[in-house]
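Protein sequences, first through last, are from chains L and U.
Here the first sequence stands for residues 175 to 289, numbered as in this note's numbering.
Here the second sequence stands for residues 225 to 340, numbered as in this note's numbering.
Incorrect hints may have been included.
What the hints assert, rightly or not - Below 27 angstroms or equal to it, Euclidean Cα-Cα: the simulated DSS-like pairs (lysine-lysine) are:
id: 1; chain 1: L; residue 1: K188; chain 2: U; residue 2: K266
id: 2; chain 1: L; residue 1: K240; chain 2: U; residue 2: K266
id: 3; chain 1: L; residue 1: K188; chain 2: L; residue 2: K215
id: 4; chain 1: U; residue 1: K246; chain 2: L; residue 2: K194
id: 5; chain 1: L; residue 1: K194; chain 2: L; residue 2: K215
id: 6; chain 1: L; residue 1: K215; chain 2: U; residue 2: K261
id: 7; chain 1: L; residue 1: K194; chain 2: L; residue 2: K240
id: 8; chain 1: L; residue 1: K215; chain 2: U; residue 2: K266
id: 9; chain 1: U; residue 1: K266; chain 2: U; residue 2: K292
id: 10; chain 1: L; residue 1: K240; chain 2: L; residue 2: K215
id: 11; chain 1: U; residue 1: K266; chain 2: U; residue 2: K282
id: 12; chain 1: U; residue 1: K295; chain 2: L; residue 2: K215
id: 13; chain 1: U; residue 1: K281; chain 2: U; residue 2: K266
id: 14; chain 1: U; residue 1: K246; chain 2: U; residue 2: K266
id: 15; chain 1: L; residue 1: K215; chain 2: L; residue 2: K229
id: 16; chain 1: L; residue 1: K240; chain 2: L; residue 2: K188
id: 17; chain 1: L; residue 1: K194; chain 2: L; residue 2: K238
id: 18; chain 1: L; residue 1: K188; chain 2: L; residue 2: K238
id: 19; chain 1: U; residue 1: K281; chain 2: U; residue 2: K246
id: 20; chain 1: U; residue 1: K281; chain 2: U; residue 2: K295
id: 21; chain 1: U; residue 1: K246; chain 2: L; residue 2: K215
Keep in mind the hints are simulated off the structure, nothing from the lab.
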Amino acid sequence: GAVVSQHPSRVICKSGTSVKIECRSLDFQATTMFWYRQFPKQSLMLMATSNEGSKATYEQGVEKDKFLINHASLTLSTLTVTSAHPEDSSFYICSATRDRGNEQYFGPGTRLTVT
Amino acid sequence: GENVEQHPSTLSVQEGDSAVIKCTYSDSASNYFPWYKQELGKRPQLIIDIRSNVGEKKDQRIAVTLNKTAKHFSLHITETQPEDSAVYFCAARGLDMDTGRRALTFGSGTRLQVQP
Chain L
175 GAVVSQHPSR VICKSGTSVK IECRSLDFQA TTMFWYRQFP KQSLMLMATS NEGSKATYEQ
235 GVEKDKFLIN HASLTLSTLT VTSAHPEDSS FYICSATRDR GNEQYFGPGT RLTVT
Chain U
225 GENVEQHPST LSVQEGDSAV IKCTYSDSAS NYFPWYKQEL GKRPQLIIDI RSNVGEKKDQ
285 RIAVTLNKTA KHFSLHITET QPEDSAVYFC AARGLDMDTG RRALTFGSGT RLQVQP
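Whenever a hint applies, use it, and build me the whole structure from the sequences.
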């Protein structure tokens, strides 16, 4: 159990366009989902915490109007990168926890390339 | 907030040797410390974790130790194999009293290379 999926796995878009990434918990209800960004050869940096039915909490330095997060149900959170620029090119990974559990279950990641 | 430092950034060992990776954390309220293995382009995989009420945990060739007083924890891999080669991340999780958020803070990663 505890499988998290992400879609798409890879996306290439042109500068100025928007991209939506979906994160789904397949076999459990995720009370909290997290969105991370990972640049090449760097660590995972938390972007925002998403709770079902409420507004996401963004980390310092992450623009909430640029990275729109919607957690509409207990199994789905979406991250929309609006007006993408080449510097937004990165590996975006979501994770989910259930109830008050410690363990985070990671999605497979989405490789975003903005040309 | 929490700050996690990890050393070394790269580690090369001979097959069969042991590897040790160390992390320190800053928030004494952190109570959960997982270790992840990440291969290139893949998701982080949890390999072992430890909670603050335990000082040591072992799972076959992998062990983790935690010193709450000194606020540091370490990953020990014995009898290393080439397939252990990957990037390893430590993390710490506490409770942000301002936001109520329980998020993981990751270390900077250690690239482990096991030479056959």
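Against the structure, the hints:
no.	hint	verdict
1	L:K188 with U:K266	24 angstroms, holds
2	L:K240 with U:K266	25 angstroms, holds
3	L:K188 with L:K215	24 angstroms, holds
4	U:K246 with L:K194	37 angstroms, violated
5	L:K194 with L:K215	24 angstroms, holds
6	L:K215 with U:K261	14 angstroms, holds
7	L:K194 with L:K240	12 angstroms, holds
8	L:K215 with U:K266	13 angstroms, holds
9	U:K266 with U:K292	31 angstroms, violated
10	L:K240 with L:K215	24 angstroms, holds
11	U:K266 with U:K282	25 angstroms, holds
12	U:K295 with L:K215	26 angstroms, holds
13	U:K281 with U:K266	26 angstroms, holds
14	U:K246 with U:K266	23 angstroms, holds
15	L:K215 with L:K229	31 angstroms, violated
16	L:K240 with L:K188	16 angstroms, holds
17	L:K194 with L:K238	14 angstroms, holds
18	L:K188 with L:K238	21 angstroms, holds
19	U:K281 with U:K246	15 angstroms, holds
20	U:K281 with U:K295	16 angstroms, holds
21	U:K246 with L:K215	19 angstroms, holds
Figure legend: structure checked against the earlier numbered hints; hints not met, in rising order: 4, 9, 15.
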